[in-house]
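*Asks:* Residue numbers (our numbering), protein chains in the order written: chain D, 34 to 267; chain V, 4 to 423.
Source of the hints: derived by calculation from the structure; they are not laboratory data. Mixed in with the good hints, there may be bad ones.
To be verified - Under 7 angstroms between C-beta atoms, here's a sample of chain V residues computed to sit facing chain D:
#1 Ala7
#2 Asp9
#3 Leu337
#4 Gln340
#5 Ile417
Said to hold, decoys possible - Footprint (simulated), chain V over chain D, 3 or more residues, beta carbon under 8 angstroms:
#6 87 to 94
#7 106 to 119
#8 145 to 153
Keep in mind the model is a prediction, meaning the values are calculated, not measured. Note that the Cβ used here is the ideal one computed from N, Cα and C, for glycine as well.
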Amino acid sequence: MTNGNDDLVRLIDLKKTYFSGPLAVPVLKGLNASIKRGTFVGIIGTSGSGKSTLLNILGMLDVPTSGHYLLEDIDVGSLTDSELAVIRNRKIGFIFQSFNLFPHLTVEQNIEVPMVYARVPAKERRERAVKLAQEVKLGHRLGHRPNQLSGGECQRVAVARALSNRPAFLLADEPTGNLDEKTSGEIMKLFHSLHDTGATIIMVTHNPALEAHFDQVIRLRDGQIEPNLPEVTR
Amino acid sequence: MMLARDLIGMSLHNLLLHKIRSVLTSLGVIFGVGSVIAMLAVSEGAKRKALAQLDALGIDKVIVYSKKPPPEGKNNSNQGVVDSYGLHSRDIANIKRMDNIAGVSVLRDSRCSILRGLVKLDAKLVAVTPDFLTESSSSIIRGRWLAPADFFNSSMVCVIGKNAKRKLFSIGTTNVVGKTVKIDKYRFRIVGELENDLGANYPELGDPNDMIVVPDTTLYKLMQNYSFIMNRRTMAITMVDCDLALIKVKDISYIDDTSKRITAYLNKVHDQQDWGVLVPLDLLKQKESTQNIFTIVMSSIAGISLIVGGIGIMNIMLASVFERRKEIGTRRALGAQKPDILFQFLIETVFLTSIGGILGILTGIGISQLITIYADMPTVYSSWSIVLSLAISSFVGVVFGTYPAWKAAQQNPIEVLRAE
Numbered sequence: 034m035t036n037g038n039d040d041l042v043r044l045i046d047l048k049k050t051y052f053s054g055p056l057a058v059p060v061l062k063g064l065n066a067s068i069k070r071g072t073f074v075g076i077i078g079t080s081g082s083g084k085s086t087l088l089n090i091l092g093m094l095d096v097p098t099s100g101h102y103l104l105e106d107i108d109v110g111s112l113t114d115s116e117l118a119v120i121r122n123r124k125i126g127f128i129f130q131s132f133n134l135f136p137h138l139t140v141e142q143n144i145e146v147p148m149v150y151a152r153v154p155a156k157e158r159r160e161r162a163v164k165l166a167q168e169v170k171l172g173h174r175l176g177h178r179p180n181q182l183s184g185g186e187c188q189r190v191a192v193a194r195a196l197s198n199r200p201a202f203l204l205a206d207e208p209t210g211n212l213d214e215k216t217s218g219e220i221m222k223l224f225h226s227l228h229d230t231g232a233t234i235i236m237v238t239h240n241p242a243l244e245a246h247f248d249q250v251i252r253l254r255d256g257q258i259e260p261n262l263p264e265v266t267r
Numbered sequence: 004m005m006l007a008r009d010l011i012g013m014s015l016h017n018l019l020l021h022k023i024r025s026v027l028t029s030l031g032v033i034f035g036v037g038s039v040i041a042m043l044a045v046s047e048g049a050k051r052k053a054l055a056q057l058d059a060l061g062i063d064k065v066i067v068y069s070k071k072p073p074p075e076g077k078n079n080s081n082q083g084v085v086d087s088y089g090l091h092s093r094d095i096a097n098i099k100r101m102d103n104i105a106g107v108s109v110l111r112d113s114r115c116s117i118l119r120g121l122v123k124l125d126a127k128l129v130a131v132t133p134d135f136l137t138e139s140s141s142s143i144i145r146g147r148w149l150a151p152a153d154f155f156n157s158s159m160v161c162v163i164g165k166n167a168k169r170k171l172f173s174i175g176t177t178n179v180v181g182k183t184v185k186i187d188k189y190r191f192r193i194v195g196e197l198e199n200d201l202g203a204n205y206p207e208l209g210d211p212n213d214m215i216v217v218p219d220t221t222l223y224k225l226m227q228n229y230s231f232i233m234n235r236r237t238m239a240i241t242m243v244d245c246d247l248a249l250i251k252v253k254d255i256s257y258i259d260d261t262s263k264r265i266t267a268y269l270n271k272v273h274d275q276q277d278w279g280v281l282v283p284l285d286l287l288k289q290k291e292s293t294q295n296i297f298t299i300v301m302s303s304i305a306g307i308s309l310i311v312g313g314i315g316i317m318n319i320m321l322a323s324v325f326e327r328r329k330e331i332g333t334r335r336a337l338g339a340q341k342p343d344i345l346f347q348f349l350i351e352t353v354f355l356t357s358i359g360g361i362l363g364i365l366t367g368i369g370i371s372q373l374i375t376i377y378a379d380m381p382t383v384y385s386s387w388s389i390v391l392s393l394a395i396s397s398f399v400g401v402v403f404g405t406y407p408a409w410k411a412a413q414q415n416p417i418e419v420l421r422a423e
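My request is simple: use the sequences and hints to build the entire structure.
*Replies:* Structure below.
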């Protein structure tokens, strides 16, 4: 924003190739895309389209073979493992399909985990966790453990956890994949309300039915981005 | 890196989640450390006891004593023959004149049988010089020690050892001071009771607690330097001037030299082996070196059991890393750096082994108490053995926790997140 560039994320000729022995398997074949701040982006693709690989690269769990991934104009490809961990911690809010909550921690403690790695003092952690829990309407469930919660509630805890370090964007991997239709609707509504307050959300899904929710759709097929049809973009 | 306090809290939390598993995992270390503590306590106890016994003889002393020489073939029946052997009063006088001698305390066995009814008791009537009480590190528990006047007047008085008293008087008799005791045809008035709680044991003469001691002048007046031994068939007359001399040197550093000189002198003067020299300090050194070997062997065995325990823990931790792949992956995704994961698992292992160490110390103390109670062996646990066990157990944690922790930190978050 400071340099007048509204792009939060830029992908420039991004390629990822897996090598199994002498065999080179190209998975991402040169992606170019940009995501502006405050957009709700859907990355849609069937299995095998390379969307998981793209998710891992966007989440900085993996690095591209060639090309560039710029997050706030920082080239992620040049960072060390620890630096990547710090950026994951501060800039990205992960939301997983199967929630990935820690079963032995309470709702409050689960929300605190990213802040623990950010060295936030215990008192501030607790205050922020309580506030976030209230924001996702789980203020009354602070002391419960994940096995005492419904699937929708678990995913709301995960959303609160993802928000705890005030990340640059939320990265959701099929967040409604393990939920029934009604709960899915609630979670999507939660994402929309976050979006309305200005959050950038990148959601990876195989489900074309969710397309209508997104500001911007990146459609992956066979490792490449399909050109957008004009009527999809709102 | 996360804060150390959070790291420690997290590791403890994880261990407490699986209390039984944690205890079972550290069982190897518990018994390893327990056996270390117990073995060290037993060996330390045995050492202290042996050292105390030698110490009671006096490490600043050279002990010379008379012993019956091996019989020579031509003269195997000593009937009616005066059997004269051992240290002569002339020898003692010459030794006294040597350099660096601080004092000589002389003991002579009367060789009288001490009877209770018709039963011969395992006690001795021994003539001593006035300094015997201090030189033998004994103490008076009732009455008084032999007074200078008793020696001067050759009084018919005695001081009785506490074991001799128990054997000689009926059960329940506590105070025997003032009573008389009849030995052979002589009657002695008991003026005191002595105790030697260090377990001194003199060659040929035994434990001071088993002695009835009288002034040397008294015994000399009664029977000069003869003693009569009457068996059913034979009557032997034994003539021994001095049975045992406690030779105190001015400084421990003279012990070696003095004992050599005494040995050389006695070798020259005596034409048969009717004497012996005992140097408590030498025995002490021997004892210490054998104890050290014992301790080294024990420590090696304990070390092996700790290695076995450590390998057990490493196994469990590796299994735990595999089992918690998803947790590791999630933590990595949420911003944990490799060192965060490494230290989380390493601290968990060190906690496991340290807690194992603490429980092991308690187990070891328990085992050594049982040994003391049931085997009647003295056990001593020194604070350094406890500190050492704690240090070793946490060291075992570091050594055997590093590989699993490194393994955990190397987990690829993409793969472990996919493995569901």
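*Asks:* So, for every hint listed, does it hold in this structure?
*Replies:* Each hint tested on the structure:
1. Of the supplied interface hints, the one on Ala7 (chain V) is violated, with its beta-carbon coming no nearer than about 10 angstroms to a beta-carbon of chain D, more than 7 angstroms.
2. Proximity of Asp9 (chain V) to chain D holds as hinted, the smallest CB-CB distance being about 5 angstroms (cut-off 7 angstroms).
3. Because the closest C-beta pair between Leu337 (chain V) and chain D is about 5 angstroms apart, less than 7 angstroms, the hint holds.
4. Below 7 angstroms, beta-carbon pairs count as interface contacts, and Gln340 (chain V) has one with chain D at about 4 angstroms; its hint therefore holds.
5. With a cut of 7 angstroms, the hint placing Ile417 (chain V) at the interface with chain D holds, because the nearest CB-to-CB distance is about 5 angstroms.
6. Three residues within the 8 angstroms Cβ limit are the bar, and the region 87 to 94 of chain D against chain V gives 3, so the coverage statement holds.
7. Residues of the region 106 to 119 of chain D with a Cβ under 8 angstroms from some Cβ of chain V number 4, which satisfies the need for three, so the listed coverage holds.
8. As drawn, the region 145 to 153 of chain D meets chain V at 6 residues by the rule of a beta-carbon pair under 8 angstroms; at three or more, the given contact holds.
Hint check: a violation occurs at hint 1 only; the rest are consistent with the structure.
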